[in-house]
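Numbering follows our numbering, with no gaps: position 165 of the sequence shown is 193.
The set of hints was computed from the structure by calculation and includes no laboratory data.
The reader is advised that the hints may include incorrect statements.
Derived Cβ-Cβ restraints for the label pairs, each shown as a range [stated by the list, open to error]:
| id | residue 1 | residue 2 | range |
| --- | --- | --- | --- |
| 1 | D202 | K86 | 19 to 29 angstroms |
| 2 | I177 | K51 | 19 to 29 angstroms |
| 3 | L188 | E100 | 31 to 41 angstroms |
| 4 | E87 | N178 | 18 to 28 angstroms |
| 5 | L180 | P109 | 28 to 38 angstroms |
| 6 | K31 | N178 | 27 to 37 angstroms |
| 7 | L180 | W32 | 28 to 38 angstroms |
| 8 | K119 | K36 | 29 to 39 angstroms |
| 9 | E76 | S40 | 17 to 27 angstroms |
| 10 | E199 | Q128 | 17 to 27 angstroms |
| 11 | P109 | E193 | 36 to 46 angstroms |
| 12 | Y186 | P68 | 34 to 44 angstroms |
Taking lysine to any residue and the SDA-like style, the derived pairs with C-alpha atoms no more than 20 angstroms apart in a straight line are [claimed, not checked]:
| id | residue 1 | residue 2 |
| --- | --- | --- |
| 13 | K108 | E83 |
| 14 | K131 | A93 |
| 15 | K31 | F133 |
| 16 | K86 | E76 |
| 17 | K31 | E199 |
| 18 | K124 | N155 |
| 19 | K104 | H88 |
| 20 | K165 | K124 |
| 21 | K165 | L44 |
| 22 | K104 | A72 |
| 23 | K86 | D70 |
| 24 | K51 | D201 |
| 25 | K51 | K104 |
| 26 | K36 | K134 |
Note that beta-carbon positions come from the ideal geometry of N, C-alpha and C, so glycine has one too.
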Amino acid sequence: MLKWFYPKLYISSYQLLNPDYLKQHHIKLLVCDIDNTLVPHDVADPDEAVFAFVEKMKEHGILMALVSNNVEERVKVFAKPLGIPYYPFAKKPFQKQYHQILKDFKLSRDEVAVLGDQLLTDMLGGNLAHFYTILSKPVVTRDLKWTKINRLFENLIYRLLEHKELLIRGEFDDETL
């Protein structure tokens, strides 16, 4: 059961993610969460670091898409200036949007990576889809009300993963990048 929450890579920041690392793992598409993965949930627009990250991925031939449980207007405002596809109100960890992404990009499951900050939505959803999962440290500690509820359950899962010595919060895989 815990395997569904366990990421394949655990990093301290999305900015450290190297396109060459993704290519070594045969990843052609990086599907990113927005809120608390790329920017805080209350930041409407991508910042310079996000633009640089997207440009770096594009330069190296890595396709990108945004997938978020947030409403369409928020996701659209964030995605438009980046010029990348987006999937709002995804209802992660449910699989409908992930199936749509595979269809839209005409890729196989092993060619897609999911980057996000939550075990209950991003990692569970990505693992159920059999994508390469990348957990990043949340960019800030403040969360939306419903995310705070998720974090309570997430803390229990972290404790179980730590007890089994599978994932220790704060012990990142940054050196492998």
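To see whether the hints hold, each was checked on the structure:
1. Here the CB-CB span from D202 to K86 is close to 23 angstroms, well matched to the stated 19 to 29 angstroms.
2. Evaluation of the 19 to 29 angstroms hint for I177 and K51 yields a failure: the beta carbon distance comes to about 37 angstroms.
3. In this structure the hint that L188 and E100 lie 31 to 41 angstroms apart at CB holds, the actual value being about 35 angstroms.
4. For the pair E87 and N178, the supplied restraint of 18 to 28 angstroms is violated, since their beta-carbon distance comes to about 34 angstroms.
5. Take L180 and P109: their Cβ atoms lie about 34 angstroms apart, and the range 28 to 38 angstroms holds.
6. For K31 and N178, the hinted distance range of 27 to 37 angstroms is not satisfied, since their beta carbons lie about 19 angstroms from each other.
7. Between L180 and W32 the C-beta distance comes to about 18 angstroms, which lies outside the given range of 28 to 38 angstroms.
8. The hinted window of 29 to 39 angstroms between K119 and K36 is violated, with their beta carbons roughly 23 angstroms apart.
9. The hint said 17 to 27 angstroms for the Cβ distance between E76 and S40, and at roughly 19 angstroms that hint holds.
10. The hinted window of 17 to 27 angstroms between E199 and Q128 is violated, with their beta carbons roughly 34 angstroms apart.
11. Look at P109 against E193: about 42 angstroms separates their beta carbons, and that is inside 36 to 46 angstroms.
12. At roughly 21 angstroms, the beta carbons of Y186 and P68 sit outside the given window of 34 to 44 angstroms.
13. Straight-line distance between C-alpha atoms of K108 and E83 comes to about 14 angstroms, which keeps the hinted pair within the 20 angstroms bound.
14. A distance of roughly 13 angstroms separates the Cα atoms of K131 and A93; the hinted pair therefore holds under the 20 angstroms criterion.
15. Between the alpha carbons of K31 and F133 the distance comes to roughly 27 angstroms, so the proposed pair goes past 20 angstroms and is violated.
16. This hinted pair checks out: K86 and E76 have alpha carbons roughly 15 angstroms apart, not beyond 20 angstroms.
17. Between K31 and E199, the direct Cα distance comes to roughly 18 angstroms. Compliance with the 20 angstroms bound is thereby established for this hinted pair.
18. Restraint check for K124 and N155: satisfied, since their Cα atoms lie roughly 14 angstroms apart, inside the 20 angstroms limit.
19. About 24 angstroms separates the Cα atoms of K104 and H88, which puts this hinted pair outside 20 angstroms; it is violated.
20. Simply put, K165 and K124 have alpha-carbon atoms about 26 angstroms apart, too far for the 20 angstroms limit, and the pair is violated.
21. Between the alpha carbons of K165 and L44 the distance comes to roughly 11 angstroms, so the proposed pair stays at or under 20 angstroms and holds.
22. Simply put, K104 and A72 have alpha-carbon atoms about 10 angstroms apart, close enough for the 20 angstroms limit, and the pair holds.
23. Of the supplied pair hints, the one linking K86 and D70 is violated, its CA atoms being roughly 26 angstroms apart against a limit of 20 angstroms.
24. In summary, the hint linking K51 to D201 is supported, as the alpha carbons are separated by about 17 angstroms, within the 20 angstroms threshold.
25. Taking the CA atoms of K51 and K104, the gap is near 28 angstroms; set against the 20 angstroms cutoff, the hint is violated.
26. Using a Cα cut-off of 20 angstroms, the hinted pair K36 and K134 is violated, with the two alpha carbons roughly 23 angstroms apart.
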